[in-house]
Amino acid sequence: MSQIIALTNQKGGVGKTTSAVNLAASLAALDRRVLLVDLDPQGHASMGSGIDKHELTKSVLDVLLGEATAAETIVKDLAVNYDVLPGNGDLTAAEVELLDREKSESCLTTALTSVADTYDVVLIDCPPSLNMLTVNALTASDSVLIPLQCEFYALEGLSALLDTVEQIKQNVNPDLAIAGILRTMYDKRTSLTREVDKQLRDYFGDMVLKTTIPRNVKVAEAPSHGLPVTQYARFSRGSQAYRVLAKEMIRRLSL
789 MSQIIALTNQ KGGVGKTTSA VNLAASLAAL DRRVLLVDLD PQGHASMGSG
839 IDKHELTKSV LDVLLGEATA AETIVKDLAV NYDVLPGNGD LTAAEVELLD
889 REKSESCLTT ALTSVADTYD VVLIDCPPSL NMLTVNALTA SDSVLIPLQC
939 EFYALEGLSA LLDTVEQIKQ NVNPDLAIAG ILRTMYDKRT SLTREVDKQL
989 RDYFGDMVLK TTIPRNVKVA EAPSHGLPVT QYARFSRGSQ AYRVLAKEMI
1039 RRLSL
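The numbering of the sequence shown is this note's numbering, which starts it at 789 and goes up by one.
No lab work stands behind these hints, which were simulated from the structure alone. Treat each hint with caution, since some may be false.
[Unchecked claim] Below are the BS3-like pairs computed for lysine-lysine, each with C-alpha atoms no more than 25 Å apart in a straight line: (1) Lys799 x Lys957; (2) Lys957 x Lys891; (3) Lys998 x Lys986.
Please build the complete structure, drawing on both the sequences and the hints.
Below you can see the structure in the form of structure tokens.
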């Protein structure tokens, strides 16, 4: 039975999509069957996996609206060794389109039902906002992985996100759990990073993953080549960190 994990943070620029792509690649390298769902209208997870978002004839929006099945929309046989349910700018219409539908928060759950069990792990890259797409992702998921940059406003944003997760648990998905908080763009040389890191660990304890993702230029370069850093620069610090993350997630969630 597959595990569905949403990667979300309402704040942009925290390494959410980068983590989704590289965790997918790292889990695939450890012989897990992985599906990456690109639910962000920016389509960066698709692009970072080697898919031209501008050339898509079908996307995750068509699947959400019931105009295509997940099976016929998923892109396979990619160089990245995992499958992708791609997204692009068409998803900006989802907020309006889904509001008119009955059980609008469960459209993704319904869409994934027929394909989820053919994978060990389904990762959902959410948009950087708490909108209907994010609600769909949280409703469909078993757990939430929260990428977080150690900066001044991080804890405030995290509290708002955890409140949303709790509301989803109370109303539509009582089994939703926190898979962990992932510290990204981590630079232990700065006093701010060390201070926020301490606050995170003091307050959230074991919810904070042991793995940290360092600031690394190869991680930033990889998407322009349509590859995860684990393939673009496999011996870089960033690549090694994502491999460690995959192993920690396997242990933590029994993937």
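Verification of the hints:
1. Lys799 x Lys957: Within the cut-off at roughly 21 Å; holds.
2. Lys957 x Lys891: Between Lys957 and Lys891 the Cα gap is close to 16 Å, so the pair holds against 25 Å.
3. Lys998 x Lys986: Holds, at about 13 Å.
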